[in-house]
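Asker: Given next are the chains, with one letter for each unit.
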Amino acid sequence: MKPVLTALLLFAAGCADGDSAGLRLDDPWARPSPPAATTAAIYLTIGNETEVAETLVGVITEACRVTELHASSMDDGVMNMQQMEAGIEIPASTTVVLQPGGMHIMCIDKMTDFAPNELLHLELEFVDGGGTRHTESITAVVEDR
Amino acid sequence: MTATRRYLFAVGAGLALAAVAWFVVLPRFQPHAFTGTVIQSQTPAPGVELLTSTGERASLSDFEDQVLVLYFGYTFCPDECPTTLSGLKRAVDKLGGGAGDVQVIMVSVDPERDSPEVLGEYLGYFDPSFIGMTGTPEEIAAVAAAYGVFHQAEEGTVDTGYLVSHTARLMVIDRDGYLKLIMPADATPDQIAADLDYLL
Numbered sequence: 001m002k003p004v005l006t007a008l009l010l011f012a013a014g015c016a017d018g019d020s021a022g023l024r025l026d027d028p029w030a031r032p033s034p035p036a037a038t039t040a041a042i043y044l045t046i047g048n049e050t051e052v053a054e055t056l057v058g059v060i061t062e063a064c065r066v067t068e069l070h071a072s073s074m075d076d077g078v079m080n081m082q083q084m085e086a087g088i089e090i091p092a093s094t095t096v097v098l099q100p101g102g103m104h105i106m107c108i109d110k111m112t113d114f115a116p117n118e119l120l121h122l123e124l125e126f127v128d129g130g131g132t133r134h135t136e137s138i139t140a141v142v143e144d145r
Numbered sequence: 001m002t003a004t005r006r007y008l009f010a011v012g013a014g015l016a017l018a019a020v021a022w023f024v025v026l027p028r029f030q031p032h033a034f035t036g037t038v039i040q041s042q043t044p045a046p047g048v049e050l051l052t053s054t055g056e057r058a059s060l061s062d063f064e065d066q067v068l069v070l071y072f073g074y075t076f077c078p079d080e081c082p083t084t085l086s087g088l089k090r091a092v093d094k095l096g097g098g099a100g101d102v103q104v105i106m107v108s109v110d111p112e113r114d115s116p117e118v119l120g121e122y123l124g125y126f127d128p129s130f131i132g133m134t135g136t137p138e139e140i141a142a143v144a145a146a147y148g149v150f151h152q153a154e155e156g157t158v159d160t161g162y163l164v165s166h167t168a169r170l171m172v173i174d175r176d177g178y179l180k181l182i183m184p185a186d187a188t189p190d191q192i193a194a195d196l197d198y199l200l
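Residue numbers (my numbering), protein chains in the order written: chain Y, 1 to 145; chain F, 1 to 200.
Keep in mind that the hints were calculated from the coordinates and are not lab data. Be careful, since some hints might not be right.
[Claimed, not checked] Computed beta-carbon distance windows for the label pairs: (1) Y:Arg133 <-> F:Leu200: 55 to 65 Å; (2) Y:Ser137 <-> F:Asp197: 44 to 54 Å; (3) F:Leu15 <-> Y:Ser73: 43 to 53 Å.
In this text, a Cβ means the ideal position worked out from N, Cα and C, and glycines have one as well.
Assemble the whole structure, with the sequences as input and the hints as a guide.
Answerer: Structure representation (structure tokens):
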């Protein structure tokens with residue numbers, strides 16, 4: 001009986017942790033970008049500690065005229081980039097990393113310099129598994145990596 | 001010093017010498033292990049003439065006695081191209097005095113957007129020594145074909161217009177003008193620098 005009770009308590013604790021922590025938005029950054037470049041990419045790590053899937057559906061920032069969610073992929077040495085029209089899904093209890101050569105927020109028509117150490121304020125729009133829309137604010141740092 | 005101590009000292013010194021030989025001397029005699037794929041070219045690399053970001057027409061065969069790193073990319077590319085160029089800048093910086101004998105060239109796969117001026121400003125941001133090359137769509141198609149580079153405009157959105165899928169490799173041409181190495185564009189700066197250093 002005791003092990004069962006312990007397991008139940010651990011399960012309950014696990015749920016409570018996930019519910020309270022929610023989404024983790026870590027390490028947002030962008031590479032410094034030449035003034036001659038009209039585009040840039042913004043990266044971050046999204047941890048979904050909830051019990052339902054979350055989908056990043058859009059990003060609003062004054063740093064870009066418009067943003068799109070894209071995924072770069074290498075196919076036989078050829079680099080392709082596709083828009084993720086349905087957004088970027090972060091399944092329950094999963095971490096998704098937006099990183100160079102992979103998924104990223106594409107900034108189209110930079111409205112700021114993307115100079116080293118600049119801070120970019122972003123509003124990330126998510127839709128959770130229940131269809132509820134919510135917005136999370138983050139600040140990305142421009143730095144070379 | 002007793003006989004035992006002398007014996008222990010001799011053993012210790014022997015072990016130290018063996019360690020130096022194993023970890024320091026031997027690796028210097030190992031052949032360089034290239035990260036890139038080595039090409040045994042029978043003929044010099046194709047010297048297609050294009051318009052450079054410095055405003056003149058030049059052929060790839062005009063860069064005598066320099067190691068060329070050729071990359072095909074475009075300035076509207078938000079992710080892979082700046083990542084590759086940033087890595088190339090780090091790699092070149094690691095070469096120290098040898099950096100002056102390396103010339104990084106980005107050939108635009110998007111001549112419609114990439115004028116020589118745009119390319120010059122774009123590449124100069126990564127390193128003042130980097131240069132760009134562009135031309136008519138026909139000239140770009142010719143140079144891409146000569147180096148086995150795929151490039152194709154893909155329909156984008158109303159905001160991106162179009163994006164360009166392209167081969168993401170670094171082609172290294174040695175001092176004698178022969179295509180010597182093909183490296184994945186995502187090789188680390190250390191790997192790129194080690195291969196270039198060996199060719200210098």
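Asker: Hint numbers the structure violates, sorted upward?
Answerer: none
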